[in-house]
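Residue numbers (this note's numbering), protein chains in the order written: chain U, 19 to 403; chain W, 19 to 403.
Hints are computed from structural coordinates only; laboratory data are not their basis. Wrong hints could be hidden among the right ones.
Same chains, same label: a pair holds when it works inside one copy or across any pair of copies.
To be verified - No farther apart than 20 Å at their CA atoms in a straight line, the calculated lysine to any residue pairs in the SDA-like style are these:
1) K169 to S243
2) K400 to T312
3) K100 to E298
4) K169 to E193
5) K169 to L281
Just so we're clear, the structure is a prediction, and the values are computed from it rather than from any experiment.
2 protein chains.
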Amino acid sequence: MAKLEYIEYKNRLRRFQESLQALDLDGALVYQAADLYYLTGTAQSCHLFVPAAGEPLLLAYRDFERAREESAWQVRPLGSFKDIPGLLAEAGLTGLRRLGLELDVIPLSLFRRYEALLPGVQWADIGQVLRRQRMVKSPAELEALRWSAAKHAEVFRYITARIRPGMTELEIAAEFESYARRLGHQGAKRFRGQEQGMIPGLVAAGANSARTSCFNLPLAGLGLSPLYPMGASQHVWEEGEPLLIDYAGVYGDYTVDQTRIYLGKGVPEDLRQAQEVAMEIASRVAEEARPGVTAGDLYDLAVAMAARAGLQEHFMGYGRQVTYIGHGVGLDLNEWPVIARGDKTVLAAGMVFALEPKFVFPGMGSAGVEDTYVVTDRGAEKLTY
Amino acid sequence: MAKLEYIEYKNRLRRFQESLQALDLDGALVYQAADLYYLTGTAQSCHLFVPAAGEPLLLAYRDFERAREESAWQVRPLGSFKDIPGLLAEAGLTGLRRLGLELDVIPLSLFRRYEALLPGVQWADIGQVLRRQRMVKSPAELEALRWSAAKHAEVFRYITARIRPGMTELEIAAEFESYARRLGHQGAKRFRGQEQGMIPGLVAAGANSARTSCFNLPLAGLGLSPLYPMGASQHVWEEGEPLLIDYAGVYGDYTVDQTRIYLGKGVPEDLRQAQEVAMEIASRVAEEARPGVTAGDLYDLAVAMAARAGLQEHFMGYGRQVTYIGHGVGLDLNEWPVIARGDKTVLAAGMVFALEPKFVFPGMGSAGVEDTYVVTDRGAEKLTY
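Could you put together the complete structure from these sequences and hints?
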């Protein structure tokens with residue numbers, strides 16, 4: 019991964035500061051790793067203070083040297099949390115009344131420490147502001163996403179040639195992950211918000227590919243234990259069972275998301291038909307995903323197509339269905355836009371999302387597809403393949 | 019993994035309720051996955067209300083069927099967050115004044131929703147209570163830990179036979195992880211608190227094995243990108259370089275932690291000597307780790323031994339040293355007790371911790387060892403091997 023140019027960070031900062039000004043904030047404290055990395059180039063343990071105008075103050079708690087090497091901005095060492103007010107004052111950042119914080123993800127314990135440190139300050143959420151800004155990817159980000167997508171395609175090509183009935187889900191997962199790792203997969207994913215014990219992917223065959231779990235997903239697989247209730251199990255993939263492989267591709271800094279469902283000999287006709295409908299939905303939604311369209315409109319289009327095929331009750335889950343058909347990806351796996359029911363987000367060129375129309379048939383399995391797309395003036399262009 | 023017996027959950031509940039009573043709490047809401055799993059047998063998305071006495075109320079939001087199958091207690095479906103007060107009232111749980119919550123890890127946003135839902139309630143931390151209770155493992159838990167340790171030993175045996183200079187750190191990591199995964203490794207780890215983008219393990223050769231990062235670890239490796247600043251890189255392991263392999267072993271529900279540092283031909287004598295000191299520290303500390311000793315005493319013993327060998331400034335990091343030599347493991351990777359400077363925790367039989375005396379030589383590499391132990395009346399017994 020080439021380091022981004024300074025101008026990229028200048029642009030990001032400028033846009034963020036415009037938002038702070040529009041919200042009448044004096045500045046913002048940023049701590050979430052992906053937000054911090056987006057604004058500075060480092061994900062080390064830092065507190066970043068962004069004033070509404072002027073240079074940001076990046077305080078590195080650990081590791082200072084690493085943060086200094088990576089950051090686009092000057093870095094100051096932070097010995098202790100309680101030094102923050104003094105360092106702000108030294109930098110001339112005084113009289114702060116209203117500050118932004120990532121209230122969507124901050125733990126209560128950290129919030130209370132900030133409150134005690136800067137008494138009298140009024141706190142406002144800037145999590146939404148940063149998620150909104152990060153929706154639209156720059157050319158450099160798109161290049162990184164294409165690179166990640168190409169690596170992931172290579173892994174899917176590899177696994178497609180290797181799988182055969184008789185392998186366990188776990189064996190298939192191990193093959194996939196091992197090859198991906200050799201290509202530089204991080205072996206982890208970044209997810210904004212709660213740690214959920216999620217692994218980067220799912221392998222699930224037959225009825226397991228219709229199993230739901232605690233996650234806000236249409237399906238999750240069986241898993242190896244109730245404490246890790248998703249993904250591959252020891253189940254043997256039998257001929258006649260659908261096989262679902264759904265992995266986040268995390269190469270370099272950027273994440274793409276992709277699913278392939280293999281429907282071999284003897285797979286129920288219901289699944290084959292649903293698969294065709296899913297492919298049509300993906301292709302139609304991608305065609306319509308142009309600047310100016312809302313995310314909610316795309317969701318409605320997909321649901322209408324599923325209903326027309328008589329498959330509405332299987333779409334995006336069965337019973338408790340999820341109410342989205344896609345989600346943004348980038349530095350995190352769960353970015354904006356979410357292509358969800360009623361979502362008013364207006365698409366713009368450069369937005370990147372995974373589109374995953376899936377049908378779930380309890381006791382039988384699932385059908386569908388997932389690819390990652392970028393919005394262009396001529397509709398969404400597929401990055402994964 | 020065999021399902022635990024009902025009596026195990028009854029005992030856990032009873033001990034937890036004794037703590038609630040001692041804190042003069044009317045009950046507690048539990049949401050963190052490992053705490054929930056510990057008390058109920060399910061890690062599905064639930065809200066668990068534990069009254070100070072009597073049956074717990076387990077409300078399953080998603081997935082209800084899965085939670086019902088797994089839980090030791092009766093489960094009620096929860097349609098919406100706002101139904102919680104009504105369901106509490108139905109169960110006769112009214113007049114609640116003081117309730118416990120995992121204030122150490124709860125996100126601010128969830129805390130505010132609870133506050134709005136149950137106005138007038140006074141909230142107290144029960145994160146510490148649960149961490150303290152979970153320190154001491156039952157015979158069934160110890161059996162699960164031994165099983166996990168045996169699997170992990172098999173992976174270390176495998177990798178020890180495969181590694182050779184000329185492999186990249188990433189190749190070694192891929193080999194290790196792939197074999198571990200085949201044996202049932204979850205491919206993830208559970209860490210109480212913030213998602214930190216941590217992968218389950220580190221492979222680092224030469225100077226990389228002395229590199230620090232944002233984590234509260236003596237060393238972290240280089241990694242593949244600044245957004246995932248730990249673990250294996252594309253660096254080739256050369257003869258004469260130390261090679262560190264440090265992985266959490268997560269098989270079934272339980273996590274063990276283990277490190278091996280390979281010092282082959284041509285490795286600097288400083289590292290060899292430090293390795294010997296580390297082995298002596300591990301063995302002495304384990305011998306002394308008996309019921310009644312405090313964690314802080316063990317830490318002091320280790321530091322004194324490092325100092326006597328003239329290696330104090332390399333112990334547990336160089337420059338910004340960490341102030342622990344071990345940490346509890348179990349359902350999470352970062353449990354209690356922490357064998358840390360000044361820690362007053364009194365050891366008891368059945369406590370399980372990873373002990374990891376390590377020496378760091380910037381620019382050169384690291385030496386040391388890590389194993390997982392259980393405290394017994396005759397000192398700590400090694401589980402990993």
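Each hint tested on the structure:
| no. | hint | verdict |
| --- | --- | --- |
| 1 | K169 to S243 | between (30 Å within a copy, 15 Å between copies) |
| 2 | K400 to T312 | within (19 Å within a copy, 59 Å between copies) |
| 3 | K100 to E298 | neither (57 Å within a copy, 38 Å between copies) |
| 4 | K169 to E193 | both (15 Å within a copy, 19 Å between copies) |
| 5 | K169 to L281 | neither (24 Å within a copy, 34 Å between copies) |
In summary, the numbered hints that this structure violates are 3 and 5.
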